Amino acid sequence: MDRSVLLSKLKVIVANYSHDKDALEYFNESTDFIKDLKINSANLVDVVLDVEEEFDIEIDNLSMERMVNVSAAMEIISDKLKEK
Amino acid sequence: MLNRVVITGMGVVAPNGVGLTPFLEAIQNGRSGISYHPLLASLEFSCQIAGTPVLSDALIARYFSEIELRNFNSSGILYGVIAAMDAWKDAGLTIATSDEPDWDSGTIFGSGTSGVDKFREAIYKIDALQTRRLGSNVVSQTMASGISAYIGGKLGLGNQVSSNSSACTTGTESILMAYERIKSGQAKRMLAGSTSDSGPYIWAGFDAMKVCTFKHNESPETGSRPMSASASGFVPGSGAGAFVLESLDSALARGARIYAEILGGNLNSGGQRGSGTMTAPNAMAVQRCIRKAIQNAGIKPSEIDLINGHLTATSKDALEIQNWAEALERSGEDFPYINSLKSMVGHCLSAAGSIECVAALLQMQHSFIAPNLNCEDLNPAITPLISTNKIPQKQIPHPIHILAKASFGFGDVNACIIFKKHIDN
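The listed protein sequences correspond, in order, to chains A and B.
Going by my numbering, the first residue of the first sequence is number 1, and it counts up by one from there.
Going by my numbering, the first residue of the second sequence is number 1, and it counts up by one from there.
Here chain B stands alone, though its shape is the one from the complex:
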């Protein structure tokens, strides 16, 4: 028998809020987490603005021991561990202290790279013939699975402990992979989520591709403009989002608060065929991903109240809206509400899907639709497709029963999840 799967805990480390309460307040009020970064300017980046979480040493010390912080230089692991431990606590779970791990709980926690600053530090030493002086923690901070390894140890997880990676789809994919594991009965609980390192060594490649905006260095908060006619590229961001996924039976048995049920979803790829390339989505695959997710969830497209889009603030935003409209066969006034968190936090890359899902589920929990910033001049290719009032620019109170979230990534990969509000019987 297949298990129903629900979300019982969340944690977030976002550019505009660390922890669920500050983050909720930020997305309700449309507070931007984008700021000017002198380091990017000194390195002569075209885009000198970014969204990075602000963490004090005192907060970090609550999650990491002094030994762990010696020679620690991996922002992605830092964000991921904080979000993960917060989600665990938010779910009302405790950390096992016995010698035996928690066999029923695991994690699939993704990242794009791991510890790029640590890696850079190591490379300088290696090239200076100082390999013997690297110390013991280069591998654990730079291996792709660094984040899941840290989380697994912190929480004493005894089920699958692994990291997924699928570019900007990573976070959304992690939730679907964890969902499948619980659905099929191989785990009772999975900590899902994703993280992304901060800084120039992550963002430089995008800057060089000219996909980041260079027009808002003087006005950071207006830089991230999804769905705007004057969108001129994304603003890089970083952070982490985390979720405790659990079988409905397990959640009910321990009386856990349930944010939402995961009704289903889909993962696919456009194969870099047709209109798809390494960096551009194959529209046929995007639409298929959305349709298959809806089928898999057993709902009708008309039931969707809110779409949390990928919508990065490039010329591709109109194409994404068109894909949603065609896949759902809904347009104009019939189109669901849609928003993009990226207008507030930028594009958090491998962390985008998970941070955005936290935002989406907070909107579901508190029955509101978060505002889209910086799209007062809507893209004229979007307005013929859907009514402008479906793209709220101010927070509006609205019940959300069914929510669709999609993420798309380099490599022509797609993920779409359908969440349903859980009603206690």
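Isolated chain A, as found in the complex:
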């Protein structure tokens, strides 16, 4: 999947949980879910579930722990998509 398509799909998902809507304007590969977007840490599991649904993949517990920023999320999603 094209990186820019992946990035925009991810942005739509995390926007639902972000407490800082302004920060979404600067959404890019170095954005951190908690520090930049002020996502409640408890909601990170909801982000993962939404990602799984959107891309029809399953994210294992170890990958889930790492999925706290955009770059890690993109890497994990790309890897899982390749495995399909």
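Incorrect hints may have been included.
[Said to hold, decoys possible] Just a sample of chain A residues kept apart from chain B, beta carbon distances all over 12 Å, derived:
| # | residue |
| --- | --- |
| 1 | Glu25 |
| 2 | Leu49 |
| 3 | Asn69 |
[Claimed, not checked] Some chain A residues flagged as far from chain B (calculated, every beta-carbon gap over 12 Å):
| # | residue |
| --- | --- |
| 4 | Asp2 |
| 5 | Lys9 |
| 6 | Lys11 |
| 7 | Tyr26 |
| 8 | Phe27 |
| 9 | Glu29 |
| 10 | Phe55 |
| 11 | Arg66 |
| 12 | Val68 |
| 13 | Ala72 |
| 14 | Met74 |
| 15 | Ser78 |
| 16 | Lys80 |
| 17 | Lys84 |
[Unchecked claim] Covered by chain B, according to a simulated footprint, are these stretches of chain A (three or more residues, beta-carbon under 8 Å):
| # | segment |
| --- | --- |
| 18 | 12-24 |
| 19 | 34-46 |
To be clear, the hints were calculated from the coordinates, so they are not data collected in a lab.
Model, not experiment: these values are computed from the prediction.
C-beta atoms are modelled at their ideal positions from N, C-alpha and C, and glycine is treated no differently.
On the provided structure of chain A, position chain B as indicated by the hints.
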């Protein structure tokens, strides 16, 4: 030194009115909130009528963010938060936006269960081996303290934040617990109240016990019949009521409008001894609760103008009247006025005490006695005890200086509060 405690704000989410103004109008005019519920019929309940608050999506969006409403499925938390935030606003208080919580304010907000629909949803997923797909908010919506946790966060409360639970006594108990905390100086303000989930998964157990009426599925508004000879069981209801309790000093200092002073009260249990069981009240304990409340408030029984009873519309109503008559040593024409809100909203279970206290204090504020619906055929076991004109069937204007409210619940638990109208000096 002990603080005097007053009520400076109220909020209500009731089957016959959401918000103080619609609710006041409903209780003045005896408007019923009971309706036929096709869902209960499709689930083959005996009782297919109930009282549930009607809330639009637009109203809900004023209290909950989009993030909060994602995968939200807890009607009790919904009702409780709306009532609580309304009470806070009604008291003229603002919501702290600083990083530091409001150390002087807390909440004791009760419930019977929390998020039973959310719990059901989760159980289906768990049994389908989908635990990893539950999402993040099962715990916050189903923990017993879910409602106080939500309220504490909404208002930034920094004092005690807790939920009480004592069946149908919960709401009345929450007010007394909050009162004690302010009286003893441990808090300046407490948000008290209670809530109850809606729906079949809350009400089924009562339906199975045959304590709900099955005779009024065709005529919902006549189904809830406290004190009637043809009372045939209660009608289940839901909703929430909320109060801002505050020390008199704090209320006066900020020039707050005062609905009433809480003079005192009592909480006790019949211990499921004597005539008391898990589901039936021990009459000795009920009378003791009322007497102790009066003693604690420092009033004479003759000063009570209005009783807001528990009176659920079962065969126990006559026993409750007898308990009041014996505890107050007042009967016949000497008995105070008495009414039961349940004739309009049904039995709102854990929310009953708080919704009924809102109704009681509105009657005190506006000097009227709300009508009792559906008791045109008074129970013949009641009429020898008290004069029929003490059970008004139409709204009557009447000043109320002292009001007694009692609630009783499964587990043989009792609560009685004495409110006094506050007169500005």
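Task: Hints the structure fails to honour - done: Per hint list: single violation, 2.
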